[in-house]
Every structure is written in C-alpha cells, then in structure tokens.
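Numbering (UniProt numbering), first residue to last: 1 to 296.
Hints are computed from structural coordinates only; laboratory data are not their basis. Remember, it's a predicted structure, so these values are computed and weren't measured experimentally. All C-beta atoms in this analysis are idealised placements derived from N, C-alpha and C, irrespective of residue type, glycine included. Only true hints are included.
Pair by pair, the computed Cβ-Cβ distance ranges are:
(1) 92 x 188: 40 to 50 Å
(2) 33 x 99: 15 to 25 Å
(3) 136 x 220: 37 to 47 Å
(4) 271 x 50: 41 to 51 Å
(5) 246 x 93: 36 to 46 Å
(6) 188 x 277: 38 to 48 Å
(7) 194 x 30: 43 to 53 Å
(8) 267 x 200: 37 to 47 Å
Subject to a maximum C-alpha distance of 16 Å in a straight line, what follows is the list of computed EDC-like cross-link-like pairs (lysine to aspartate or glutamate):
(9) 230 x 216
(10) 138 x 292
(11) 18 x 54
(12) 275 x 262
(13) 186 x 213
(14) 238 x 268
(15) 238 x 262
(16) 152 x 262
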Amino acid sequence: MMTNNTPLYVGIDGGGSKCSAILFNAKGAVLSQGIAGSANAARDFSNTLVSIVESVRLALINAGLGSDSMAGLQVGAGLAGACVPSVNSQLKSWKHPFASFSATSDLMTACYGAHGGNEGALLIVGTGSSAARMQNNKLTQFGGHGFVLGDKGSGAWFGRAAVASTLEALDGLIPLSDLHDMVLNKLGLNSSAALVQTMINASPSQFATLAPDIIELALLHDLSALNLVKEGAAYLDKLCLRTLHGTSLSMVLMGGLAPSIEHWFSPELRQRIVKAQAGPEWGAMRLLQTPELMAC
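Work out the full structure, taking the sequences as your base and the hints as a guide.
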C-alpha cells in the first residue's frame, strides 16, 4: 500500500492467545497496532484467517485508514502451526485481501526479530512453549510439539497439570493445598464432577489463564505449586541448553510467562540470556525482504 507515495507493510504475530498486527512504513517505523483473537493455524485454520484480517483491519483503523486500504498492503506473518505441511499448503492457496501475503512459523519471525536479523536462539513460553536457534540462515526447532504431545512448561501445561492435581486432591489421593483451592475458586467450582465438565474440552488458552496464579503460589512456597513450577522450569532449562549446545549464541526469552519462569533457570542458562532487539512483528515484516527465509 502507498500513503503519500510511501509503501506500507504489516508484520503479524499469531499464537494461541492472540493475533497482533503492526503497521510499518517503508523505513520500519511503527505506525499502529491491531490485536485480534487466537491464530494457531494448526488448531483452528478458519479462525486464524479471521484473526489475521481482523487484526490488520484494527491496525488500519488505529492509523486513521479504512479497511479498503488492505488491498495495497504487503503482509508477512509468523503463525503457530504455519509450517505443518497441510497447513502451509492451505495458507499458500488462501485468497487473502492483501496485495501480498507470506507466512512462516511464529518461531522464525520471533527469533529473527529478537536478534535483529542476526544469529541467535530463542525460547517462547506463553500459552505454548518451544525453542529455536537461527544459525547459517537455518532455523532449528526444539520442543514445541503442541498442547496434546508437548509444550511442557507452558501456560497451558501448567494449567492442565494444576487441574489434574486438583482432581487427585478431590479424590483424596493427595493433600488439598492452596493450589487446588485457587483452581476451584478461579473457575467458580466445588466438585470434581463440575471441574471435569468445565475443563474436559477446554482450549490451551483457557488452561493457560491459571498459570500466573500458579507461579504466584509457587513464589509463596505452596508446595504443590512449587513442585509443578520447578518441573516445568527444569524442562525449559534443559530445552534451552540443548538449543544452545555447541554454539556461542545468546538466548532471548519471549512470551507472557518468560519473566516469571526465568527465576527458576540455572546460572549456566541465565548467563546466556539477553534482551530482545525487536518483536516478532518486526521480524515478520523484515522477512518479507528475504522470501527464502519465509519458506518453511
């Protein structure tokens, strides 16, 4: 899109909790942002497309532009699940409303942005969890196998584990603790039957809403919460060290739980951690200039 003869670009970061679109000018300056619902392309493809369009629409509105401006935008997106082969094929055939649209994994755009386009490693720990390193123009992923098969140490994993522990406590298998009271109170429930009925089909993002309270209880030394957080943090620590093994790369932590969980990481890992240079939306926008790196 052109505004006063200046092209505009959009970088998108889509995950299990939200879809963020940032509008950039040709010099890479941020003009506006729009945030919509979840955008995990592997879990809910149709909803992901809705979230992409809505987040871009909101970004345009926040920049004082109309939805008709979409047709001129160059859009790059980093999406959870985008590199699953069947999903990637669907994304490539999508009849999008933009001038151009390219998508790759959210790990790629986040890692590229975090290190300002340079080599480096990344841990994302939010609704899900995964790690990656960018080296020799190649992204190598570790972990991040989804809610059902992996994502240990993530917000969704913590929430599901807390619910499972609460059910064991209600069955009299383990002592009740503040962790279990928190789960029941937060969900407004008072029985195992009600807990199962409420959470049996819960989404990862719904489980993840429990994570901040779990970590807070761990910091207050509730044993059930502390053991849970230590288990998740130990896995993430091991995952990061595996990602860094044999390299001199630095590690950036991203995601809503990252600032809290870092407290439990080993000194070996913490000395390799640096601050992010830019966000995943910037990474998605910049990768439009190197299409070979956008390929899954």
